[in-house]
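Make the full structure from the sequences, and use the hints.
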Amino acid sequence: PGEKPYKCELCDKGFAQKCQLVFHSRMHHGEEKPYKCDVCNLQFATSSNLKIHARKHSGEKPYVCDRCGQRFAQASTLTYHVRRHTGEKPY
Numbered sequence: 001p002g003e004k005p006y007k008c009e010l011c012d013k014g015f016a017q018k019c020q021l022v023f024h025s026r027m028h029h030g031e032e033k034p035y036k037c038d039v040c041n042l043q044f045a046t047s048s049n050l051k052i053h054a055r056k057h058s059g060e061k062p063y064v065c066d067r068c069g070q071r072f073a074q075a076s077t078l079t080y081h082v083r084r085h086t087g088e089k090p091y
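According to the numbering used here, the sequence shown is numbered sequentially starting from 1.
Okay, the calculated beta carbon distance ranges per label pair:
| # | residue 1 | residue 2 | range |
| --- | --- | --- | --- |
| 1 | Lys-51 | His-29 | 20 to 30 Å |
| 2 | Cys-68 | Asp-12 | 40 to 50 Å |
| 3 | Phe-23 | Glu-60 | 20 to 30 Å |
| 4 | Gly-2 | Gln-70 | 32 to 42 Å |
| 5 | Gly-2 | Cys-68 | 38 to 48 Å |
Derived by calculation from the structure, the hints in this document are not laboratory data. Cβ atoms here follow ideal geometry from the backbone N, Cα and C, with glycine treated the same way.
See the structure below:
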């Protein structure tokens with residue numbers, strides 16, 4: 001595998017790029033949460049998590065099941081839902 005010179009001081013996981021280490025630290029070690037919800041003031045480590053959270057306030061559900069029409073705020077929730085239709089068990 002490629003060289004991973006950027007090491008997490010808390011768990012010793014290595015990363016090829018510094019930005020990957022920063023993202024890891026925010027997500028897994030809760031260091032910095034610079035993204036704040038304008039509605040409820042909750043703070044998030046990434047802008048994408050804030051965007052997903054904001055859908056709770058707006059009611060936006062952009063992901064639609066093509067089998068039954070049910071809508072979801074997160075793509076991952078749709079993925080799990082579709083498995084109920086297909087019976088797929090990837091675990």
